[in-house]
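Undergrad: Spelled out from the first residue to the last, the chains are:
2 protein chains.
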Amino acid sequence: MQFGISLLPDVEPETRSPVDYYRDVLAMSRLAEELGYSHVKMTEHYLMGYGGYCPSPLNFLSAVAAQTSRIRLFTGCILPVFHHPVKLASYTAMVDAISDGRLDVGFARAYLPYEFETFGVPMDTNRERFESTIETVIKLWTEENVSAETPFFSFRDATTLPRPTQAPHPPVYLSAVRTPESFTRIGELGHGLMITPSGIELNAEQVHRYREAFNAHHGDSGKKPTVVASLPLYVAETDAEAARIADPYLREYLRVWIKSTDSWDNATSKDYPSYTGLSRYLRTLTPGTCASRAAPSSAHPSASPSACAATWRPSRAST
Amino acid sequence: MQFGISLLPDVEPETRSPVDYYRDVLAMSRLAEELGYSHVKMTEHYLMGYGGYCPSPLNFLSAVAAQTSRIRLFTGCILPVFHHPVKLASYTAMVDAISDGRLDVGFARAYLPYEFETFGVPMDTNRERFESTIETVIKLWTEENVSAETPFFSFRDATTLPRPTQAPHPPVYLSAVRTPESFTRIGELGHGLMITPSGIELNAEQVHRYREAFNAHHGDSGKKPTVVASLPLYVAETDAEAARIADPYLREYLRVWIKSTDSWDNATSKDYPSYTGLSRYLRTLTPGTCASRAAPSSAHPSASPSACAATWRPSRAST
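Those protein sequence lines, which keep their order, are chains A and B. To convert, note that position 296 of the first sequence is 296 in the UniProt record's numbering; the numbers rise steadily by one, no gaps. To convert, note that position 149 of the second sequence is 149 in the UniProt record's numbering; the numbers rise steadily by one, no gaps.
Just so you know, the hints here were simulated from the structure itself, not pulled from any lab data. Every clue listed holds true.
Note that the list lumps identical chains together, so a pair holds whenever it fits in one copy or between two copies.
List time: in silico DSBU-like cross-link candidates among lysine-lysine, alpha-carbon distance up to 30 Å:
id, residue 1, residue 2
1, Lys224, Lys139
2, Lys139, Lys259
3, Lys270, Lys87
4, Lys139, Lys87
5, Lys87, Lys224
Isolated chain A, as found in the complex:
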């Protein structure tokens, strides 16, 4: 098992300037490399405090690449439905080159109605757009003179530059949240799986589905299933001390996250059957409940070192 840092800005102009934010996360990234962490992960969002300070994880990771030499750079996640595959294939390959082959590419489906509305992308065809964009990006990374004809984009004879540095292409991870079929599908496609744990039993069952499907379809390929789990974790001498320090940050994160999901109050989408009213559900969370969901075998994700290690053992067994 490896450990990395996972960033998703929850700052707003009122709480922190962009210059201060980037100075801090670049310093954290350099420190993470010094301390032997495996990766820096950064995600893509727009327009709201929730993730909005990082609309381009690739811009950020390019800066990290320039200040580090070993740590891997992880997009967690890029939202491919908002991008043309020729751009995605080219931009990722560029950061793969700048980092000398240290890029991992995580993709997620996107789920915030105001992002879809702003970019004029319909939510209801999102699953199909998601899969065909990723499939085309991989084709562009690995083949030349690629043509595509889809309802979402179409082009002929494209050979993207630069070509990827990693062979055959940067590792690909897809995120899944709840739908069991998503976990199976990611295994069938042979990609890595990204999860945000919300209950260890649920994860174990889902991760099992993924591994079964992966091995059934790619067991002979030499590739191995890989699971990346992101969760809030603060290590202190005691659980109480950890909670005292970490809870205000978790509370602020929840506040900013809930604000972004208010756009689900009056939105419906057949591709997102359980999302309407999402913020009403999130409003029931507290740092404590959030914590027990994140690391249920410990009292709190902000755990003492021993509780922390105990929390992590089950994950280790399942990844």
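Chain A is fixed; fit chain B onto it per the hints.
TA: Below, chain B without anything else, positioned relative to chain A:
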């Protein structure tokens, strides 16, 4: 007058790996800062050796920002017609933050048919798309809750994050090539002007048009017209020595450039009346003729130091 370095990759997989290319241009950028140059400029292109190694100048400049502290970062140019204004406003503001306010944003209209075809953007409405995208980006940088309703994009109540670091926003430059009205228009809009000199008399007349229009519309604002000129320049002890060293590079640049403009052989566009057959014109150029166009008051753009200084004086007077 200030001097910077202007990059446009002319490498292909057969001639140079992306890792080597980026290692070199990042080292050049650090050196440029050490030597007191004013800026590093990098441009956006796709799919061909001509510029194709840098589909995202912002990704590159973010890496430069992370390795430097004073030199300014210049997109020369971003092609706004291939981007959603919410992304452009957000991504540029992000690099503005990472660099602590060192970003200059140059925009160009794009002119390569295969780029338009691949992204499904029609060339014939390009001028209108160009202007409305830039106008909207500036609005997004300077206002909150911005709505836009155009044939090219439409959205409501968007407040982009991060907000720009420079006030009121990063300086904007637009490129112009030949059409006299373009120079007037850029002056009217009050932006900086980017040119690629192709004859000093033509430049002087065009720059004059720009300055007149700028002063007529913005003379009272305190803003000043600014001209950025990019041209190949190699300094050696003698002109002959400079030509001996630089000509092979200019020849290779011409070869790669001509290859990219072959797509104009059978293309026509009312927005680009004089471009059909462009590569046939470029094929008549040699490093020598290219040189005389770039720096006509010297024998060669690859000039001795004294010839070089002489070449630059007229530009100084006109900028």
